[in-house]
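Residue numbers (our numbering), protein chains in the order written: chain W, 93 to 252; chain E, 17 to 308.
Worth flagging that the hints you see were computed from the coordinates, not collected in a lab. Treat the numbers as computed from the prediction; the structure is a model and nothing was measured. Backbone N, C-alpha and C fix where the C-beta goes; we use that ideal spot for every residue, glycine too. Hints may be right or wrong, so weigh each one.
[What the hints assert, rightly or not] Some chain W residues close to chain E (C-beta under 8 angstroms, calculated; not the full set):
1. 111
2. 114
3. 117
4. 120
5. 134
6. 139
7. 156
8. 157
9. 161
10. 204
11. 219
12. 225
Here's the letter readout for the chains.
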Amino acid sequence: MSATTEIVFMLNGAERRVGVPSTMSTLEMLRDMLGFTGTKYGCGEGECGACTILVDGASVNSCLMFAVDCAGRQVTTIEGLANDPCARVVQDSFVKHGAVQCGFCTPGMVVQSVHLLATHPHPDELSAQRAIEGNICRCTGYKKIVDAIVDAGCAVGDRS
Amino acid sequence: MNHAVERYLAPTSLTQALAVLAESGGATVLAGGTDLMPQSRAGRVKFARTLLNIRRVPGMDMVEVADGKLLLGALVTISTLVDHPLVRDHAPLLSQAADHFASDQIRNAATLGGNLCNASPAGDTLTPLMALDAEIELVGLDGTGVLQSRWLPLDGFFTGPGRTQRKPNELLRGVRLPVAPDDQKVAFYKAGVRPALDISTISIAFAARRRDRAILHDVRLALGAVAPTPIRARRTEALLEGKALTAELVRVAAASAASEATPIDDVRASGWYRKELVLNMTQRILEDVGNN
Ligand SMILES: Cc1cc2nc3c(=O)[nH]c(=O)nc-3n(C[C@H](O)[C@H](O)[C@H](O)COP(=O)(O)OP(=O)(O)OC[C@H]3O[C@@H](n4cnc5c(N)ncnc54)[C@H](O)[C@@H]3O)c2cc1C
Ligand code: FES
Ligand code: FES
Chain W
93 MSATTEIVFM LNGAERRVGV PSTMSTLEML RDMLGFTGTK YGCGEGECGA CTILVDGASV
153 NSCLMFAVDC AGRQVTTIEG LANDPCARVV QDSFVKHGAV QCGFCTPGMV VQSVHLLATH
213 PHPDELSAQR AIEGNICRCT GYKKIVDAIV DAGCAVGDRS
Chain E
17 MNHAVERYLA PTSLTQALAV LAESGGATVL AGGTDLMPQS RAGRVKFART LLNIRRVPGM
77 DMVEVADGKL LLGALVTIST LVDHPLVRDH APLLSQAADH FASDQIRNAA TLGGNLCNAS
137 PAGDTLTPLM ALDAEIELVG LDGTGVLQSR WLPLDGFFTG PGRTQRKPNE LLRGVRLPVA
197 PDDQKVAFYK AGVRPALDIS TISIAFAARR RDRAILHDVR LALGAVAPTP IRARRTEALL
257 EGKALTAELV RVAAASAASE ATPIDDVRAS GWYRKELVLN MTQRILEDVG NN
């Protein structure tokens, strides 16, 4: 059994203090220790993007990140985006475009889209496609998701 | 799972980090974790007793130009290589290669130092950096606790798949390379079965200066995933050096590059297919360089 390390970090804007085994992934910490099950376990090896979270504003696969490395950082999960104005626009756009079917990929897709829009408020189709290269969807065929992201881009951009 | 890590440390100075590495039993270095996490879970990497996170060591994520060299700290992420204006301006070949790397989420986490120390023959920053004459800095503490630094050419750093010249008590601190001259032509090609999230079947990095009358100088051709380490195709470089690209020379050089590749058969491709890729893609790269 590996040693447990106590870490302090910001999770969705609130300070958290937890003891985590040194080799635990951030995904396991979020889902199994803290109960934040919006972040999904798809492959556990960086291929599917269902586990995407934001760390200090950048999107990463939480299954590849050591939980101990969260210490001192700002971690945002899909739950933390519930009231985020940009994420709201993205979510509404996903609904409008029918970009959600079974929904398993959706949290990761939305977090990744929010990260894209933070740096590229008006993505074209190609940049939307490139942004979700690391996110697998087994249902939609991607077209509706890309449309939803491009459209959300317009909406977010228009408000600013 | 075989996780016997007894201690986790995230030192905030380089000397502290090196002191931990120098202890008997050593330490497993953690940067972005994108190799370490899957490799340790698959049982391909065994943890030392100490897990040493180097991401809190200040200054190791620098991007700087000084004395005609671009300096990149080991903790620079692949995303930074794609986006940073100094990298785009002074090492466009490296920027291009970084753009073909995995996915956005992995580029945001993965570090340059991790890519080099992981030493996969298919690592995507390895061939461009070899083609750009990069050197790396290894640092460690000597017996009396004094910091020692050594610079090595990147070409020669790799000794086998997953193996390098780095000693267990050393960290890779950074990389330096000459800033791209104005007349430099570069090209990067990565073959995979899909555009994203694919480990290279082969990769080719080309750099050369082209002065008047289309003559090539300082030709570099580095090949990835065709041998136990990334390699420079030196015979092909010599064929091209000081010459203007003719259709005949392109043909001969492409055949030469394929003959310098000694690939294996594996899950991604057969050795025969890899050699064909090297032949055809070297030809295409040289034709493009000749036409532009
Ligand atoms: C799904 C997936 C796709 C991938 N796609 C690609 C791809 O397209 N191209 C590619 O090249 N790679 C790819 N990789 C591999 C990986 O992302 C890269 O090799 C990455 O650059 C590793 O960096 P890291 O910071 O995450 O390293 P870590 O996992 O933290 O470390 C890697 C190794 O290097 C050692 N190390 C790290 N930094 C240092 C240092 N400064 N000094 C000494 N030792 C050090 C560690 O101990 C470890 O052994 C992929 C990985 C995954 C999971
Ligand atoms: S669960 Fe992390 S990428 Fe699939
Ligand atoms: S909606 Fe089912 S996986 Fe994307």
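Now for the hints, and whether the structure bears them out:
1. Checking residue 111 of chain W against chain E by beta carbon gives a least distance of about 11 angstroms; that is not within 8 angstroms, so the hint is violated.
2. Here the hint on residue 114 of chain W is kept, as its CB sits about 4 angstroms from the closest CB of chain E, short of 8 angstroms.
3. The restraint placing residue 117 of chain W at the interface with chain E holds, with a minimum CB-CB distance near 6 angstroms, inside the 8 angstroms limit.
4. Here the hint on residue 120 of chain W is broken, as its CB sits about 11 angstroms from the closest CB of chain E, past 8 angstroms.
5. Interface restraint check for residue 134 of chain W: the shortest CB-CB distance to chain E comes to about 12 angstroms, outside 8 angstroms, so the restraint is violated.
6. Because the smallest distance between the Cβ of residue 139 of chain W and any Cβ of chain E comes to about 6 angstroms, under 8 angstroms, the interface hint for this residue holds.
7. Taking 8 angstroms as the C-beta contact cut-off toward chain E, the hint placing residue 156 of chain W at the interface holds, the least distance being around 5 angstroms.
8. At a threshold of 8 angstroms, the smallest CB-CB gap from residue 157 of chain W to chain E is about 6 angstroms, leaving the interface hint in force.
9. Here the hint on residue 161 of chain W is kept, as its CB sits about 6 angstroms from the closest CB of chain E, short of 8 angstroms.
10. Against a cut-off of 8 angstroms between C-beta atoms, the interface hint on residue 204 of chain W holds, since the closest Cβ of chain E lies about 7 angstroms away.
11. Here the hint on residue 219 of chain W is broken, as its CB sits about 10 angstroms from the closest CB of chain E, past 8 angstroms.
12. Hint status for residue 225 of chain W: holds, given a least beta-carbon distance of 3 angstroms to chain E, under 8 angstroms.
In terms of the numbered hints stated before, the structure departs from hints 1, 4, 5 and 11, listed from lowest to highest.
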